[in-house]
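Novice: Here is what each chain is made of, one letter per residue.
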Amino acid sequence: MIDAVSPLPGSLAVGICWLAIAALALIPSGNAFFARHVAFPLGALAGLALAVFGLEAVWLPAAQMTLPLGMPDLPFHLRVDPLAGFFLMLLGSVAAGISVYAGGYFRDETPGRLALIGLQYHVFLASMAFVILADDAYLFMVAWETMAVSSYFLVTTDHQQAAIRSAGFLYLLIAHLGALAILLCFGVMHGGLGDYTFDALRSAQLEPKWATVAFLLAFFGFGAKAGMIPLHVWLPEAHPAAPSPVSALMSGVMIKTAIYGMVRVIYDLIGGVRWEWGMLVLVVGAGTTLFGVLYALMQHDLKRLLAYHSVENIGIILLGLGMSMVFIGFGHPAAGILGLIAALYHTLNHAVFKGLLFLGAGSILHSAKLRNLNHMGGLIRTMPKTAFYFLIGALAISALPPLNGFVSEWLTFQTALQAPILQNGVVRSLLPLFAAILALAGALTAMCFVKVYGVAFLGRPREAGHAAQAPSGGPAHDAGNMERFGMAWLAAGCFVLGLFPTSFLLMLNRVGVSLTGHGLSNEALESNWLWLVPTAPAQASYSPLIFLIVIVGVTLLTFLLVRRFYHGRVRFADPWDCGFAQQTPRMQDSADAFGQPIRHVFGPLYLMKRHMPGPDDAAPRFSLKIEDRHWYLLYLPVARLAAYLSSKIGMLQQGRISIYLLYSFLTLIALLVLVR
Amino acid sequence: MDQSFSSQLVNLLAALLLLIAFAMLSQRRVLTLIKLFAWQGAALAASTLIVAHSTGQTHLYFSGALTVLLKVMLIPWVLHRLIDRLQVRWDVETLINIPATMLIGIGLVIFAFALAAPISEMANTLTRATLGIAMASILLSFLMMIVRRKAVPQVIGFLAMENGLFLAATSATYGMPLVVELGVALDVLVGTFIFGIFFFHIREQFDSLDIRHMEKLKED
Amino acid sequence: MNYAPGIAFQLLQSVFVVLAAPLLMGWVNQCRAWLQNRSAPSIWLPYFTLAKLFRKDAVIAHDASPLFRMTPYILFGCMWLAAGIVPVLATDLPFAPAADIIALVGVFALARVFSALAAMDIGTSFGGLGARREMLIGFLAEPAMLMTLFTAAFISGSTQLTTIVETLAYREFAIYPSLAFAAVAFLMVLLAENARIPIDNPTTHLELTMVHEAMILEYSGRHLALIEWAVAIKLFAYVTIGIALFVPWGIAAAGNWAALPVAVASLALKLGLAGAGLALIETLLAKLRLFLAPEFLSTAFLLAVLGMLTHFLTHG
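Chains as they are written, first to last, in our numbering: chain W, 1051 to 1726; chain U, 3 to 222; chain G, 1087 to 1402.
Honestly, the hints are just simulated from the structure, not real lab data. Each hint should be verified, as a subset may be incorrect.
Across the chosen pairs, the derived CB separations fall in these ranges [unchecked claim]: (1) I148/U with K1259/W: 32 to 42 Å; (2) H1617/W with V1101/G: 20 to 30 Å; (3) G1363/G with K1435/W: 43 to 53 Å; (4) K1675/W with L1105/G: 46 to 56 Å; (5) W1335/G with F1615/W: 36 to 46 Å; (6) R1613/W with V1101/G: 12 to 22 Å; (7) N1531/W with N1342/G: 51 to 61 Å; (8) P1059/W with A1339/G: 58 to 68 Å; (9) P1434/W with N1123/G: 33 to 43 Å; (10) D189/U with L1657/W: 43 to 53 Å; (11) I148/U with G1237/W: 44 to 54 Å; (12) P1091/G with I1599/W: 17 to 27 Å; (13) W1335/G with H1617/W: 21 to 31 Å.
Partial selection, computed: residues in chain W whose CB lies under 10 Å from chain G [claimed, not checked]: (14) A1489; (15) R1510; (16) P1587; (17) G1705; (18) I1707; (19) I1709; (20) L1712.
To give an idea of the interface, some chain G residues facing chain W are shown, with a C-beta separation under 7 Å as derived from the structure [said to hold, decoys possible]: (21) W1166; (22) M1206; (23) L1222; (24) E1228; (25) A1239; (26) I1241; (27) S1242; (28) T1253; (29) E1304; (30) G1328; (31) F1332; (32) V1333.
We put the beta carbon where it would ideally sit given N, CA and C, even for glycine.
Let the hints inform the model, and build the full structure from the sequences given.
Specialist: Written out as structure tokens, the structure is:
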């Protein structure tokens, strides 16, 4: 049935469907049943359909369409090509899981609030779909800004709290700075000729100088949305402020639209990728990766921690993109496409596991009313199912085989290992260094998620009464059915992406071919579903399925052998207290304690405010506050400068109408002189 | 011994020399530092002898022997006596912490390798790849002199720098004329003695070998 | 193409490694005792210990979750898998293409994460302490290991361990200066990853200095036996990786069954030397303060990177 619909009208229909659901959500109704059990599941179905259309589009030639909407003489252009198809699939499949989850998550909201959330949520989804579908700068910018504004309202759902209002403001501010840069970038690419359709931009021949300007603007603009340093400051503020499904959507999908924009503009519209651009992307990516993970290790607010990990993962994606650009710039498209595949694969992987982790964090927040890791503990006993899904997400983000995070990092490493073919000696020796940074970040991520999982789910409750029962009085409960379905969907995604990478490799190869006209080597394309071969079988191969089967098989075999030859006897006892009479749960490692060695090793990177109790304090307290250095080094000076400038400009404001008229008059005279 | 094998051996020894330079950079104890310096001299001497053997440059035999005599035996012995007399077996102070120092070191190595690459392309001597390594060890020794606070490690850094220069000379031009080499060797020896005398004076003056005290000597 | 001999050999090697691993542990302990002028325990002692532990009841804390009870089996499975990838006797391993060196590092990381999680499961302060320290060591050891392996991968142009070994062992003999750096870095990683002196003391009884031992304080009976066995396999796997990368000569080529006795003999000789060397290092060095461990490992990491750079210089 679906085969009968070609992807472009289908995707358009999904976008319109989401808008329609948004409108329907506003219909006043006495209870929240409609929104929770009809609107959100319908949205999820639409997402599923979008994923199918996207998947289809990857294998079809590009299709275009013009909508007679918008301004006179400025119709909306739509286009679906393999790149757009891939991102539509990402958006649809991840949104499907999150929407079902959202239907369960918002069960305690009042109908009025729920109606508003339903409106904003679906407008947000539709705007992301149109960002990907857009084929002219005009529609792109309209959808981009709609996306920013609708997510702004979602972030400020709990606008009664001042902290959330300021987080939203910061988000809006940086989003607009980025949008401004993107707008300028389109202007530069346009070069004063033709119209603003992407076709015209693609065919415009830019001088190298202007191409670099356009690249820098695009990198800045999309980077602001993606959360690369030093433009990341909004991300750890805004993502945790939003309700959890929205955080999942923002971290999982929205920042990926920025990656889409980057690839679209740099590879497709500007074209002629240069290796110097790649080096810039690599340096920024490496900084973002390390910074993100090191700050994540210092957090004790679960959602903030996850947000910093989004920064880190954007860095990893940028590392892949940068390597790809370096290789393409030096004229090695096969290795370049491998890098692009690694980057896009990680984009999809991150969307899936970060969505899952945010949903898990949402369930904890919802049932135990906790978001501070230092107060959690032992949740695996009260929420075993959530704990299981969260474990899958944690293992996936830690890049452990055989889950999906490992595959994309593996591909990135393989790209870096192609370095010997480069002609430039310095670049050749720098590329493996970036791989080293990736390895370091991967190991640090594993450390961070051991901390999260160990502190939140394992051990014993740190604050008496919290995990045993929610503050509302009832016992802490596991996630509801709809929530569990959403998490299970994404967890299954982690497995599918991890175990069958070859099909995705071929799919992404198609994206690469459509963008640059080059693809992977033939040997790589012959790899079947079992073996992942990026270049040639003699060089590297990986088979996650065999890997999983062997590891599960060997583990089971050990278990059976031990049972067969020995016994299964178990005695239960109190844990060993090392001779110390009173062991309380508060003596366990807290999240802050777990990060202490990192604080010690990387001390100079953090801005720490620490209060140590003195020997004769009556009420000894230890407090620690870690702040982002970027605030003091970059943002506050800029803010002060802006305040200073505006106070000067404020002098123009005299409050007398004749003076204002004089300004207009002088401007008119000046313009006439100039245009003469 | 055929040409390619000996050139591989020389490369290996040069790499060892660089490895020892890194070890010196990360080493905190003076005593181990002196041992490492002696080993570096040994690696240098071995590589010089191999170059001498495979190219038939007889004067290189002399300079190799001189290296063994001077840098593996005499100077380490003098330094040993010196620190015994001065009672400075320990040295835990560096200006920058050691991982950061090594990170800077890696940067210097990349720089040196990139710098040497075009020169090596042109050269057709047996040991052209070692030029980059030689430059890297010179820079690393220089770095060691900069980040150490105490005088003895600084002197060792200075001597290690001379090792690197010597390696560069062997790799680029099969060594300098013997007369020049003899002169340099003598200079190094005399330099070591002068440094030794210097140390005693510094300590008498300030009761410590910490060169921060020298800051007081400037005119205000 | 007939896979049967290859698969038979794969199974043979996996079982061989699992069975032989405690012997290496016993040999290292014996050498160390000799070097320290003590009367040495039997070389078979690790086997006796394992048998004893398997027979005992497992004592588990009341709060233990299923994760705690699963972890020993997962650890053992991971190490067994690793033992199946590393070419120990011959390069003829049909399973090896399923996991290359990066996946091998991934297997070790998987085992590390699970053991750290299990340590935090009971909720004692020592478990958390051990987990934290283990991850601190891991986050530097893992990249250092990866960079070491990358140096070898650049030489052979492949990340398959079997291909690397074939390149190094059978192609025209050449000296790779870069491998000198890689070898030093690898040795440092081996010491750290296997909880040996100078990073950790496998025989310590002092809780405050423990790393690995602190993590497994709560285990007993068959669980402890599996963990101890996994530790032995891990040491064996690391030593054989070292042998494969730096002294691969003597290993049997694919399909060459006649060379197998030679391979066994040379492996025994190399393992014997490596074990004695390990004991010597452990006797000569003192344990480092915990916060010197990052310095030790970052030195290893940078040496591995340096090895890679040297490779580009000498073979650019």
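Novice: If you test the structure against every hint from before, which numbers come out violated?
Specialist: When the structure is compared with the hints, numbers 9, 13, 17, 18, 19, 20, 26, 27, 28, 30, 31 and 32 turn out to be violated.
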